[in-house]
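A.B. asks: Take a look at the letters that make up each chain.
Protein chains: 2
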Amino acid sequence: MAANVEDVIMLLGDSLTQGGWEPNGFAERLAYVYNRKLDVINRGMSGYNTEWIIPIFEQCFATQHEQQHVPKVRILTIWLGANDAATPDTSQHVPRDKYAANLAKLIRMVRDPASPRYSPATKVLLLTPPPVNTHQWRVLREQDGGSLDRNFEATRSYAQAASDVGAAEGVPVVDLWNKVWDACGHVEERLSEYLWDGLHLNQQGYAIVFDEIIKTISTNFPELHYDNLAPVFPLWDRIDLDNVPAALTKRSIFPN
Amino acid sequence: MAANVEDVIMLLGDSLTQGGWEPNGFAERLAYVYNRKLDVINRGMSGYNTEWIIPIFEQCFATQHEQQHVPKVRILTIWLGANDAATPDTSQHVPRDKYAANLAKLIRMVRDPASPRYSPATKVLLLTPPPVNTHQWRVLREQDGGSLDRNFEATRSYAQAASDVGAAEGVPVVDLWNKVWDACGHVEERLSEYLWDGLHLNQQGYAIVFDEIIKTISTNFPELHYDNLAPVFPLWDRIDLDNVPAALTKRSIFPN
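Those sequence lines, one after another, are chains A and B. Using my numbering, you'd call the opening residue of the first sequence number 8 and step up by one each time. Using my numbering, you'd call the opening residue of the second sequence number 8 and step up by one each time.
Isolated chain A, as found in the complex:
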């Protein structure tokens, strides 16, 4: 790596990821707890499906040759499906099998030793899309002169497909669909406690996302939990003042 110094957490996804920079969004909260340890890079593209995100990811994730020059991606979250699961009459729709194949393709781009972007230092987390509150979403769509373009059961089915891909690929799954569904007591109308418009998460929804990501890191990659990483540069009251500037040289985030 040439400069900028810190390795990164890359968040790949759609509007749910893009909105992570809202106050108390999951990107903001990750950036806060990983401050001075890992940078957070948000590659959430509102409205995108897995089909459109593949060429984006190919441009955002360094090839093996390029990896020596850029910060290492230590954690990669892949969170798509909310748009793939749109009704088949929309341009965003991607059939369920194709969606699953695209997720597997994204994962293998990073984890397959034969891939040009193979990156053994990168830990992948796969998130399932949250349930849709069609009662809320229908009202907003109709106010905009459109019609309902999401389906509760379809999103459930796409979330299950994502979980199956994670299991088949050996990648930990953050099963948001079920976590949010459990949180609202399996009552679709009560999803409004976690979704501000029926599709997008509010702060309570993002709290579940953040908590579940951290739990999944703790369980599967405890060495990457923020409490187990050291800051790249020392805390100010630990600087060896007799040895400046050498004491201020970049250090590994992994304690000895």
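Hints may be right or wrong, so weigh each one.
[Unchecked claim] Calculated Cβ distances over 10 Å to all of chain B for the following chain A residues: (1) 46; (2) 105; (3) 177; (4) 189; (5) 192; (6) 196; (7) 209; (8) 229; (9) 232; (10) 256.
[To be verified] Below, in silico cross-link-like pairs of lysine-lysine (DSS-like), each with a Cα-Cα straight-line distance of 27 Å or less: (11) B:44 to A:44; (12) B:222 to B:186; (13) A:44 to B:79; (14) A:257 to A:44; (15) B:257 to A:112; (16) B:257 to A:79.
Hints listed in this document are in silico derivations from the structure and should not be mistaken for laboratory results. Think of the CB as a built atom: it goes at the ideal place given N, C-alpha and C, for glycine as much as any other residue.
Position chain B relative to chain A; hints supplied.
C.D. replies: Below, chain B alone, put in the same frame as chain A:
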């Protein structure tokens, strides 16, 4: 640039910058409005003074040779002085003249064509440290068994020194000291409306920081205001669907 794709806003500073990742902190708000246009890289180091930050910056900011491989820093905020202005009995204290010289050195590292880190694409903003509420800070220090290590007039004087450096170097200054001082009606006790502990900004304080940074960008580098930049990848409803994946190729953030 090899990958990761977006150019960046780099925030260099002390705890006031580090805290920018708090909800509604200025880093969070910049990341939100510059989403899909510029990434935000927080290089705020709590407790650091200008003396300690120089070797840090040398490691974080690419040399000319390295710059081809890493994202360009389009905007660099330099915001130091809150610790330099600590009382002379502390390890954090840096004499005022040395503080001013260090700020000039940081600026010239980027702007002097003879510097190894010369980067004409980088626009520098210099922020003055905010005023200190010694009434608040003293209570907290004494609770911790310490004594008052900040001085209202010293911080004012350091803020003035930073403004003078900005003027001399031809770099726009975000004069937070005066903006916050004006906001509280020139009454030190009322600084508690903007500082949660007498030294560090709360959400109301960060709102001033964010607003003043955006105003300063609008005035001095309007081409870098977020409204004048295009997203690196197209909005989903503007994707030329007959031309995928070519339509999803990275584009300049500067509209033609």
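A.B. asks: Evaluate each hint against the coordinates.
C.D. replies: Verification of the supplied hints:
1. 46: Its Cβ does come within 10 Å of chain B, the nearest being 6 Å, so this is violated.
2. 105: holds, 14 Å
3. 177: Per Cβ check, residue 177 of chain A is outside 10 Å of chain B; nearest 25 Å; holds.
4. 189: holds, 26 Å
5. 192: holds, 27 Å
6. 196: holds, 28 Å
7. 209: Check passes; 13 Å lies beyond 10 Å.
8. 229: Holds, because the least Cβ-Cβ distance between residue 229 of chain A and chain B comes to about 23 Å, which exceeds 10 Å.
9. 232: The claim stands: residue 232 of chain A keeps its Cβ more than 10 Å from every Cβ of chain B (closest is about 18 Å).
10. 256: violated, 7 Å
11. B:44 to A:44: holds, 23 Å
12. B:222 to B:186: holds, 12 Å
13. A:44 to B:79: holds, 21 Å
14. A:257 to A:44: Satisfied, since the Cα-Cα distance of roughly 11 Å is no more than 27 Å.
15. B:257 to A:112: Distance ~21 Å between residue 257 of chain B and residue 112 of chain A Cα, so the pair holds.
16. B:257 to A:79: holds, 21 Å
Violation of the numbered hints given earlier is confined to hints 1 and 10; the remaining hints are satisfied by the structure.
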